[in-house]
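Using the sequences and the hints given, assemble the complete structure.
Protein chains in written order, with my numbering: chain A, 1 to 228; chain B, 229 to 456; chain C, 457 to 684; chain D, 685 to 912; chain E, 913 to 1140; chain F, 1141 to 1368; chain G, 1369 to 1596; chain H, 1597 to 1824.
For the record, the hints were derived by calculation from the structure and aren't laboratory data.
Quick reminder that beta carbons are idealized off the backbone N, C-alpha and C, glycines included.
Everything hinted at is true.
Listing some non-contacts, in silico: residues in chain A with all C-beta distances to chain C over 12 Å: (1) A71; (2) P90; (3) R93.
Chain D side only, calculated, beta carbon under 8 Å to chain G, not exhaustive: (4) G871; (5) L875; (6) N890; (7) I891; (8) D892; (9) N893.
Protein chains: 8
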Amino acid sequence: MENDPRTDDLGFARLDLDRAGRTGDPEVVYGAGKTPEQIVAILTSLERAHPERAVLATRLEDEALARVGEALPGAELHPVAGCVTLGPLPEGRGTVAVVSAGTSDARVAAEAALTARVYGAGVDLIEDVGVAGLHRLLAVQERLNAAECLVVVAGMEGALPSVVGGLVGVPLVAVPTSVGYGASFDGIAALLAMLNSCAPGVTVVNIDNGYGAGVFAARVARQSVLAP
Amino acid sequence: MENDPRTDDLGFARLDLDRAGRTGDPEVVYGAGKTPEQIVAILTSLERAHPERAVLATRLEDEALARVGEALPGAELHPVAGCVTLGPLPEGRGTVAVVSAGTSDARVAAEAALTARVYGAGVDLIEDVGVAGLHRLLAVQERLNAAECLVVVAGMEGALPSVVGGLVGVPLVAVPTSVGYGASFDGIAALLAMLNSCAPGVTVVNIDNGYGAGVFAARVARQSVLAP
Amino acid sequence: MENDPRTDDLGFARLDLDRAGRTGDPEVVYGAGKTPEQIVAILTSLERAHPERAVLATRLEDEALARVGEALPGAELHPVAGCVTLGPLPEGRGTVAVVSAGTSDARVAAEAALTARVYGAGVDLIEDVGVAGLHRLLAVQERLNAAECLVVVAGMEGALPSVVGGLVGVPLVAVPTSVGYGASFDGIAALLAMLNSCAPGVTVVNIDNGYGAGVFAARVARQSVLAP
Amino acid sequence: MENDPRTDDLGFARLDLDRAGRTGDPEVVYGAGKTPEQIVAILTSLERAHPERAVLATRLEDEALARVGEALPGAELHPVAGCVTLGPLPEGRGTVAVVSAGTSDARVAAEAALTARVYGAGVDLIEDVGVAGLHRLLAVQERLNAAECLVVVAGMEGALPSVVGGLVGVPLVAVPTSVGYGASFDGIAALLAMLNSCAPGVTVVNIDNGYGAGVFAARVARQSVLAP
Amino acid sequence: MENDPRTDDLGFARLDLDRAGRTGDPEVVYGAGKTPEQIVAILTSLERAHPERAVLATRLEDEALARVGEALPGAELHPVAGCVTLGPLPEGRGTVAVVSAGTSDARVAAEAALTARVYGAGVDLIEDVGVAGLHRLLAVQERLNAAECLVVVAGMEGALPSVVGGLVGVPLVAVPTSVGYGASFDGIAALLAMLNSCAPGVTVVNIDNGYGAGVFAARVARQSVLAP
Amino acid sequence: MENDPRTDDLGFARLDLDRAGRTGDPEVVYGAGKTPEQIVAILTSLERAHPERAVLATRLEDEALARVGEALPGAELHPVAGCVTLGPLPEGRGTVAVVSAGTSDARVAAEAALTARVYGAGVDLIEDVGVAGLHRLLAVQERLNAAECLVVVAGMEGALPSVVGGLVGVPLVAVPTSVGYGASFDGIAALLAMLNSCAPGVTVVNIDNGYGAGVFAARVARQSVLAP
Amino acid sequence: MENDPRTDDLGFARLDLDRAGRTGDPEVVYGAGKTPEQIVAILTSLERAHPERAVLATRLEDEALARVGEALPGAELHPVAGCVTLGPLPEGRGTVAVVSAGTSDARVAAEAALTARVYGAGVDLIEDVGVAGLHRLLAVQERLNAAECLVVVAGMEGALPSVVGGLVGVPLVAVPTSVGYGASFDGIAALLAMLNSCAPGVTVVNIDNGYGAGVFAARVARQSVLAP
Amino acid sequence: MENDPRTDDLGFARLDLDRAGRTGDPEVVYGAGKTPEQIVAILTSLERAHPERAVLATRLEDEALARVGEALPGAELHPVAGCVTLGPLPEGRGTVAVVSAGTSDARVAAEAALTARVYGAGVDLIEDVGVAGLHRLLAVQERLNAAECLVVVAGMEGALPSVVGGLVGVPLVAVPTSVGYGASFDGIAALLAMLNSCAPGVTVVNIDNGYGAGVFAARVARQSVLAP
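Written as structure tokens, this is what we have:
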């Protein structure tokens, strides 16, 4: 189904085989709004059809994760990300650094990191670096500079991308999260802040869209060759 | 007139004399929406009535500044702030540090600084420190810590208060400015970011309201005695 | 974790020890989104690490309060505020007056008052004073004037800060609450009213953010020395 | 023309003659978007058609006022309200008290007061009473109680109707004005505050709609007979 | 408690006794957010304190209605309005006509009608008249004209007040309801339509605020004496 | 009840009989907010009153569908659309093509298609054509051209109507759906996109309003005679 | 240029010749944002290229109208609509009735009517029928019923489409206009009202988009054959 | 100045020399809000300080362009983009394809293309491809695939990025423009559409921010090496 951010029915999988072969992109199942039974059925079918390729299922609740674990012994569960992977992952070309401030952004950061990995990039996950504790951020500056693409995840006031973007010149994708309350408006405050970042060269994806940021960053990283 | 953020008619001045005598607050004229002639007339009247007290006029356009300069030789013009002062300023007790990132926030920062000064606080104006250039901000950390109250002015993504609030524990008033374009929505993006600051102890005033922040910060600073 | 308004993991606590020693700020656990078990575990750990310092846990549901009461006999429960404190409270320097209109704002007012107390200020809680019953507000004018900082809590039309700010010249932090229905938009109406207050020197925090107002007000009060 | 808040073409006037005869309502010309020439022409025509009845023209700029004054010597100009009246006013039955805080709300208050008068009510205009100066409001409480209907005009945080509505039990129509800046959003902040007033029995009209409030209040006042 | 649209604690009741004696207003309990037990306790207390006066409780869920019915045999239950009344109702002076389109607006219309009655007005409830079936509306034009005040309740596009306001010249209070879906935004579409009504003399209350409209309309009706 | 998008009480049905006889429109029951028992009762009554005419019930949950199936053996259940039909359908004149991208828009598309059929048009349902897979859309261009009216259903960015409207000149009604997350704002993003379509001749209905689009499209299709 | 609602460069015109030949659609120039010189040049070029076909230019200011009149003697000027036509108009098949309330909606209504005519439909323009004067609307009910498609233009509260849609069963396209002030938000109030119309079968176009409504309605009307 | 999206004072230039030397980024002057004189002065100063490096000035009005052309004979003027460049451009590594629909998006597209070029990427500008004319888009598919990064510029409904993103797997940055009227809300409709794109791997920048998109895309392109 193309009018969805993820590809999740077999008819669509048939269609996309060509692109996947060309790009190395995996099969993807978007789990939100699906029953655990439906998810197991789709994954079973995809695994049988493409045993040589990676499959990624996102937005799975705990119960769906458990059911997939029982039904598909070969599945790897990623509970923090709310995801499952099946099949061999592609070689990781280039590096995507995923940066976030803390535990409340962990799910979105983990989804972005796993997605980038399944889409063929190496990943460096850097958590626990918030704008209210600059020394920790400054301590990882080298790791930021070593990446071909950055994914910066932040909720509340969404200031982290501006600070990171002022430190390094690496292409940077910002992901607002719905963390916060009151006038955070479920992520709108962070989204607006990121769209108005004073650091040039920052782009933005939808609220909580770790998947989309991971896809984009992987595409950038895997086609890049940094100077030694 | 009480239903206005500034006090600008003589009837009101009569009323407020008591409070001013008690608090050291100046007479204030809010210049927006007034003709240069009206501003000159009000200032002349106030100066005559209260020659021993400070008078502050805010939100003056260039033409009004020029006319006041001609008509009232004793007036001090503050063109960056768009303000005029008359009469002796009160002694400055405590220090308000006004922090901003650059030239586009200069008018609001200058209005806040002058207001704090006229309301009886000492002022330290620290410009040119933005989140995309952390070393400059880190270089002024001592000056930030030495203040009794901070006013942090920022437009666009409004991230500066969060970063400053993570560095020091001084009471901090954030002022969003209408600098930006597109999805900055004339300062709403910065306002929301500041309301959602991850640094505890940040409070916020209306967009471009340097005056209000200056009044508040002066009240805090002049009643404070920091440990040596 | 710095990208959160509260500090709640042990790694962070380690970091902040210096500041806490310097500022008197307590350890803080933000309870929203945590299970009662997690809250008990964090509090147990913090109490063991810092037996000589105050610990504050906020946004606790009834079940979490009960579990903490059973597991930590030394804990003091504050059911109206939805909070728990552990350890010795710091001496109260200066006074924060927390003002609200009635029972529907009680939780936010209690959170602000307790936070200010744990952060080292004395507190005067003044409830039941709404703009639709001015005589009660006028009756407490002396108590308002005696404070070094005011926290004014209001939902619905958010008019109370303007009226209080017209009565006294004390620094005033306004807290909009999500009380109301229809076009109150979960506190936005009150937030906008407070940002546009006609009383100069009013600052604002996020909707329902009693904690943030309490931190700010305590910082102001404990550094203040009012004239006798 | 019925799809407009005011009635301003002769075709419509013909239609409404019956209602006017029955209700005492005047002919009305809505001046916004019309040239001074058009306004003069319409007024000339209406005066000739209904010499025995009152005619009201609203939202006139200074130039239109001047042109009407030259062309129609019998016209009475109301420059503060931006209005013109022609012909004999009806007897004033009952009293509408129009309350506002200061000079920036003066135009809307004057429009409401004049409209109520032309629609057949007596009017008591009470200006200069804002929520930040309660003693002045308390001083006019008797005049408020003596009215059959109140029109309360306020910009910025829009708190005045709540305070007035807490003092007296008279039917109260609130008019938000577009006075303010930043997060006042051209009157939306005041509008929301009034819709959420904690004082029961407050109703609201559109931003700056002094005309609509005046019509409503006159209808209430002229049909009321208060106990002596 | 004054910062609430209704008066519901005994302390407040003590305060309001004077006004109630003067105005005929009843005691009011706002049931939303209270347990059935709390509601029964408050009503029991109010009935004992003021057996000679009317008591109104609003926003009661089915369970609360049932519990009140069991505990207070003298209570009259109004299930459509979600309300309960106790004690003798005041004489009905004047007439409030409450107009609505159909079953989905029935609760708000019933709350408005009952409130107006308890506040001392006679009531004529006219349901089932929508703008998409004009003949039914035209059939009740006489009843509309016979009222001293109209309350017009509508959801969705909120067009009914404009059409009714074009038919009669009676003071009209419009109540938007949260009926609708999608771009009705829980009543905002209807609220905006009513604020922009092309019929002059329409005022508006908050979304679903039948209570507020009823209080206002009763105040108008009971002070009016229409010409025979 | 006319103030509802559907007609669902027997009083109303009586009224509308004339129009239905004239237009061929069916009886309609709007199921949202009704219990299964209420729905069964209304359908039973309508079937008895109009055995010769079509009846449509929309917005039924699974339980209501099951109860109707048990109670009314002659009912035809449409589980994807969440609808039930009773009685003979009218002859289908002209063709409405309902176009959507995939499974998440299926319910709204099915409601539109069934509604158009029950209102007297033939229907061609074309699913699985999204803007991210143009070849499938291009493959159905002939079917699009053969219709007298198009209903194009899309969530997320709502781009499908613009692309379809660029391919063919058939009258096109766009239906935004609430599919999406974050900044899709429950369908507002798609609604705005459709209102701003660069393809001329696109009209829009409310979010998720498949019913309204179906009614409109059927009216267009059944009065049209395309050139052979 | 396809990313614009109108087609206005020769490259595009070349492309669209096929569709125009097939559909009878005219060449269109969107005048907003173009200089009078540019408009004259484009029209001259189009007239030369397609002397046998209709050309429509929309959104022309007075100066552009005058310049076109001087440069192209064969052009027909439509000052109320702000449009110009060139070349022979197509035969009018079917009838589009364009309905509006008054002079402030006249420009949009005239643009819709002219567009429908140039796109090949007959047109019946019905002005001066507002919801606050129902008798005039009822007087034209026959003309409404005789049309194959309705375009209903309204500003302010946007109630007219609901009332018209309740009177007749003809396909109805609603056009919100930016007429109004304050909380009309430049047409948003009317737009929302129309999207939430209680009359089924109403579709909506963008604010002030008379052109889009005219295109759509002409497509419907010219393919329709009503029963005699 | 760091709190601005562009770097435009000499102090800042001094700071950024290191980064520029490392990254190849040019000196940038943000022209909005500056007088022609100020722009000439800054450019003169920058050219003298860094004769060997590229300088870019953006957002210049016609008058500023002319003045720069007179004062700095070595400057290259880019009137469509509203930009000026000085000094030698860096070698273009990789290719950024900038895609837009037509003349109304030309300025933003030209700014993005020029920025990408000055920041060190090769550029392929592809205009005149809109979603309402798919054949032209399909005709350039090879050029899209040959780029290392895409910048897709669109106003109104903002659908172009979704369609392009469905055709190719190249990293794609979407730029909403403020083209449109009514419910386009100055680019918000396009911004929301792009944030909700059904094509995975689309990122977004602020409305009209061609500069930011160009910087980001150049960074991606110049570090990429595509497989032959």
